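S.K.: Chain by chain, the residues:
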Amino acid sequence: MLKPLGNRVILEMIEEESKTASGIVLPNAAKEKTYFGKVIAVGQGQRLDDGTLLSPEVKVGDTVVYEKFAGNPVTYDGADYLVIAADDLVAVVE
Amino acid sequence: MLKPLGNRVILEMIEEESKTASGIVLPNAAKEKTYFGKVIAVGQGQRLDDGTLLSPEVKVGDTVVYEKFAGNPVTYDGADYLVIAADDLVAVVE
Amino acid sequence: MLKPLGNRVILEMIEEESKTASGIVLPNAAKEKTYFGKVIAVGQGQRLDDGTLLSPEVKVGDTVVYEKFAGNPVTYDGADYLVIAADDLVAVVE
Amino acid sequence: MLKPLGNRVILEMIEEESKTASGIVLPNAAKEKTYFGKVIAVGQGQRLDDGTLLSPEVKVGDTVVYEKFAGNPVTYDGADYLVIAADDLVAVVE
Amino acid sequence: MLKPLGNRVILEMIEEESKTASGIVLPNAAKEKTYFGKVIAVGQGQRLDDGTLLSPEVKVGDTVVYEKFAGNPVTYDGADYLVIAADDLVAVVE
Amino acid sequence: MLKPLGNRVILEMIEEESKTASGIVLPNAAKEKTYFGKVIAVGQGQRLDDGTLLSPEVKVGDTVVYEKFAGNPVTYDGADYLVIAADDLVAVVE
Amino acid sequence: MLKPLGNRVILEMIEEESKTASGIVLPNAAKEKTYFGKVIAVGQGQRLDDGTLLSPEVKVGDTVVYEKFAGNPVTYDGADYLVIAADDLVAVVE
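Top to bottom, those sequences are chains B, G, S, Y, W, U and R. Counting along the first sequence from 1, when you hit position 12 you're at 12 in the numbering used here, and nothing is skipped either side. With positions in the second sequence counted from 1, the corresponding number in the numbering used here is that position plus 100. With positions in the third sequence counted from 1, the corresponding number in the numbering used here is that position plus 200. With positions in the fourth sequence counted from 1, the corresponding number in the numbering used here is that position plus 300. With positions in the fifth sequence counted from 1, the corresponding number in the numbering used here is that position plus 400. With positions in the sixth sequence counted from 1, the corresponding number in the numbering used here is that position plus 500. With positions in the seventh sequence counted from 1, the corresponding number in the numbering used here is that position plus 600.
If you're looking for bench data, these hints aren't it; they were derived computationally from the structure. Careful, some of the hints might be misleading.
[Unchecked claim] In silico DSS-like cross-links for lysine-lysine, where the CA-CA straight-line distance does not exceed 25 Å: (1) K133/G with K33/B; (2) K159/G with K103/G; (3) K633/R with K659/R; (4) K59/B with K3/B; (5) K533/U with K338/Y; (6) K633/R with K568/U.
Just so we're clear, the structure is a prediction, and the values are computed from it rather than from any experiment.
Here chain B stands alone, though its shape is the one from the complex (with noise of 0.2 Å):
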């Protein structure tokens, strides 16, 4: 298993269709992706000043949006994931 290092986590990257709020499937082409993925792993977190830890706001199993470019691709055992700090996780799916 890997465990992320300082203040990143480790997403299982989603594939996610554009669906409209009725749950109808809409073709997405000329649109800007979305990327989504799934928190597996949380770092310890983000050093402050003063030397304490403060934990990422996400979890594991939480569904999370990501900045586009942003982290490293990682295949491990066969699957593939994404190594990325918590500052560019932008939102997450409650």
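Position chains G, S, Y, W, U and R relative to chain B; hints supplied.
M.R.: Just chains G, S, Y, W, U and R now, with coordinates in the frame of chain B:
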């Protein structure tokens, strides 16, 4: 529902026509567009050096002006949003 | 009405002719333009490291000189404004 | 022997094949490579603002994933190593 | 009158000829120009982290050398000035 | 003699051949060069925020590895040196 | 006389020939030039975060090595000087 992370907010983007004070709509071809949005959700805010949190100045329901090219466009449940750093909001309509 | 956020102010831009001290208007083709504006609204100011707020040096009604290319042009209610960081104001007319 | 300075570690780079969970080796031509290394030596760590030292999260013997293009390749005593900032290690294998 | 904002000063730019110590004026075509100015007004100074203000080292009437390309040229009341950050003044004539 | 200023050290650059553990010299045409130097002099060190000085980790006589393109080459008294920031030394030979 | 501002010093630039330890002057066409100067004046020094001043390490009369391309060339009273940040001095001759 999407919840913004960190010092970010989520906006519904507003298509605004240029109106004079008297309400007459003017064609506005040459002018630079103004970017308006409606605040849909507010993140936990900015983390100060001593670890305390500072909420964004804006609240849900506010109409705001945001910087061009700022933020991440996100499509969720068939609707389009902009997840944007609170620091990239320049003004609020009162 | 628009209210600026953070350490920003809102300006009405002023078209200024070049005048000599004796009031004679000189053609000023080759010279670099000076950017004048009138302060319409003032944001809450700059957040210091300890979380306290520091108001901008300028107040509503001041005529100021601002840096070229700074700020966001905004059209609201048929009028044009510039929302600009207080740090991009370089001088005030007294 | 080489000892890393500051908040750096020294890695032996590992050539990793892509394996599925069941251990079958897949040709992986198109995919981006994952960069694995084994920690050979650990520096004194990060100097905090108050002058105290904070050891890296990893220890000698750990297998880590590191950022592409990070670190300085070093040849010493006929063997190749990577001297890399601890902040450029993104994950550790557990 | 113009008053500089923040840690800025206002200069009258001085056209300086190259003179030897004995006062002979030398043609100085190939040399890089030195930028002299006279301090006309001084801003409130630099804001330290704890919120206190630190006045610029120069005072009204000083002749100073400033960095090439620094500052904003301003025309006010028919005269030309340079509004410049105090940190871009490199030396003062004593 | 030259004394480095600030958090710098002075190195004698070393031309190093690639040797295997058994001492056989291998031609090393394609490989990236490793940059070795011998520490000749050490500056006063790094100034922390509170004004205290922190000596470099290395001492006179140490053999170190330094980052490519870092430092200033200096010729003094007919000999060549590299004056380099202590932070650009990546490892020390023990 | 010129007095440097802030953490700057003023140098007289020195044209230095390459000499061996035995004093023989070698033609030095291909080598990178070393930049020597003599300290003519020293500014008040570096302002620390708490507002106190820290004098430069060098004093008037010192011969120093400075970084290529650093500083502002200044002509004053027919003589040429370099006004340079104290941090861009890399070594002092002892």
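S.K.: So, for every hint listed, does it hold in this structure?
M.R.: Structure-based check of each hint:
1. K133/G with K33/B: Distance ~24 Å between K133/G and K33/B Cα, so the pair holds.
2. K159/G with K103/G: 13 Å, holds
3. K633/R with K659/R: Holds - the C-alpha atoms of K659/R and K633/R are around 24 Å apart, at most 25 Å.
4. K59/B with K3/B: With Cα atoms ~13 Å apart, K59/B and K3/B stay inside 25 Å; holds.
5. K533/U with K338/Y: Roughly 22 Å separates the two Cα atoms, so the pair holds.
6. K633/R with K568/U: 19 Å, holds
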